[in-house]
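Take a look at the letters that make up each chain.
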Amino acid sequence: MKAKTYLILYIGALIAISMCKSYEPLLAVLAVLLVMSGKSVLVIGRRSLILVALFSLFITLSYSVMLYLQNQPFWNYVLTVNLRSFDMVFLTLLFTARVNIYEAVAFSKDLSFLLVLSVSKIMTMQRAFGDYTDALKSRTLKKPTRNQIYDYLGSAIAGFLDKNIRESKENFEAMKSRGFHV
Amino acid sequence: MHIPDGFISPSTYLPATVAAIPLLMIAFKKTKEAINDESFAFLSSLTAFSFVIMMFNIPIPGGTSGHAIGAAILAIMFGPWVAAFCISLTLFIQALVFGDGGLSVFAINSLAMGFVASFAAFYVHKLLNNRLNNSIVLFLSGWSGIVAASFVVAVALGIQPLLGVDSVGHPIYFPFGLNVTIPAVVGSHVLFFGVVEGFATMLVMKFIAKISNQRTNKEVVI
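For the record, the sequence lines run as chains A and B.
Just so you know, the first sequence maps onto residues 1 to 182 in my numbering.
Just so you know, the second sequence maps onto residues 183 to 404 in my numbering.
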């Protein structure tokens with residue numbers, strides 16, 4: 001119940017932040033978020049910066065250069081857009097760090113179950129992908145040709161698809177044998 | 183192509199969310215019907231697959247590389263509703279579990295990369311199948327799906343200067359209009375990301391056909 005309340009509050013806060021049209025309230029929001037994050041401030045702050053930086057800086061800097069060349073004020077725009085984006089990403093990361101997402105979406109049994117299954121499979125696949133890449137590197141002495149790379153990519157992606165489909169059948173049998181029916 | 187949080191106004195993403203929710207519910211219902219009682223295990227597997235395909239870096243002629251989203255592969259193999267649902271679920275997981283992509287813009291990303299890409303790829307494949315060389319059809323399916331999705335994203339971004347300005351008339355969300363976003367976003371997808379998606383679709387589907395043929399031949403021999 002608590003997680004669902006937090007989800008509603010999070011969505012409300014996200015919409016409210018997205019409506020801010022100047023940087024002053026966004027600075028106040030950032031201060032509140034930094035205090036709320038406590039000891040995780042550096043970890044969440046660093047990750048938010050990485051997620052925001054690429055798109056945000058590229059777009060806002062290019063637009064700011066345009067405004068600067070036209071002798072128009074640009075600070076308000078740079079601060080407002082970057083702070084809004086940073087606040088929203090920071091809020092999302094804080095929410096995911098503090099609230100059990102699976103419990104938060106438990107208003108739908110189907111969605112909650114699907115989310116748990118999918119995330120666990122994604123994590124398994126991420127590990128398998130890492131192992132696959134390391135195995136290829138350790139077995140490749142010469143730089144592969146483009147055709148060899150295409151052969152590898154086709155077989156690797158199709159292999160992952162095949163593995164996923166086979167595992168889904170095993171998972172289904174395992175779920176059924178444990179009395180789980182959806 | 184992911185749009186991050188903070189660049190799209192509520193007057194865009196709220197109506198998009200209202201439009202996406204019933205579509206996702208229909209997609210979920212159709213997906214469950216299409217894949218019967220194994221649905222949950224199968225759906226989560228396809229979602230994990232669409233997540234994993236985004237991790238592969240695919241080089242294209244010209245010396246650059248990028249990642250595919252796999253919409254055409256899933257749409258051709260399992261139908262557009264299944265593909266749209268799996269890609270949307272992947273985007274939801276990326277936004278909420280991994281903090282990548284943004285929840286406020288999830289609906290726009292889902293409509294573009296999930297629905298538009300899957301349906302465009304599926305119908306291009308259906309239209310051209312058996313009329314052109316199979317490799318070309320597969321390439322065009324992947325390419326057209328991603329280009330169609332990029333058009334939706336370009337429009338969503340390009341209308342932002344019309345929807346929110348500050349007291350001196352400067353945009354407060356995404357700053358560039360349609361005259362910039364259409365050539366920049368769609369153009370880069372026509373020339374680059376669409377080619378990556380087309381190559382990925384072609385390589386994977388041909389490999390799947392190859393291993394299916396090998397399995398069939400083996401079964402005949404046995």
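Mixed in with the good hints, there may be bad ones.
To be verified - Straight-line C-alpha distance at most 20 Å; calculated DMTMM-like pairs for lysine to aspartate or glutamate:
hint, chain 1, residue 1, chain 2, residue 2
1, B, 212, A, 131
2, A, 4, A, 103
3, B, 214, A, 131
4, A, 163, A, 131
Stated by the list, open to error - Okay, the calculated bits of chain A under chain B, using three or more residues with CB under 8 Å as the criterion:
hint, stretch
5, 23-32
6, 35-43
7, 59-72
8, 87-97
9, 134-147
Rather than coming from a laboratory, the hints here were simulated on the basis of the structure.
Values in this document were obtained by computation on a predicted structure and should not be read as measured data.
Think of the CB as a built atom: it goes at the ideal place given N, C-alpha and C, for glycine as much as any other residue.
Each hint tested on the structure:
{"no.": "1", "hint": "B/212 x A/131", "result": "35 Å, violated"}
{"no.": "2", "hint": "A/4 x A/103", "result": "7 Å, holds"}
{"no.": "3", "hint": "B/214 x A/131", "result": "32 Å, violated"}
{"no.": "4", "hint": "A/163 x A/131", "result": "14 Å, holds"}
{"no.": "5", "hint": "23-32", "result": "violated (count 0)"}
{"no.": "6", "hint": "35-43", "result": "violated (count 0)"}
{"no.": "7", "hint": "59-72", "result": "holds (count 5)"}
{"no.": "8", "hint": "87-97", "result": "holds (count 6)"}
{"no.": "9", "hint": "134-147", "result": "violated (count 1)"}
Violated hints for the displayed structure, listed by number in ascending order: 1, 3, 5, 6, 9.
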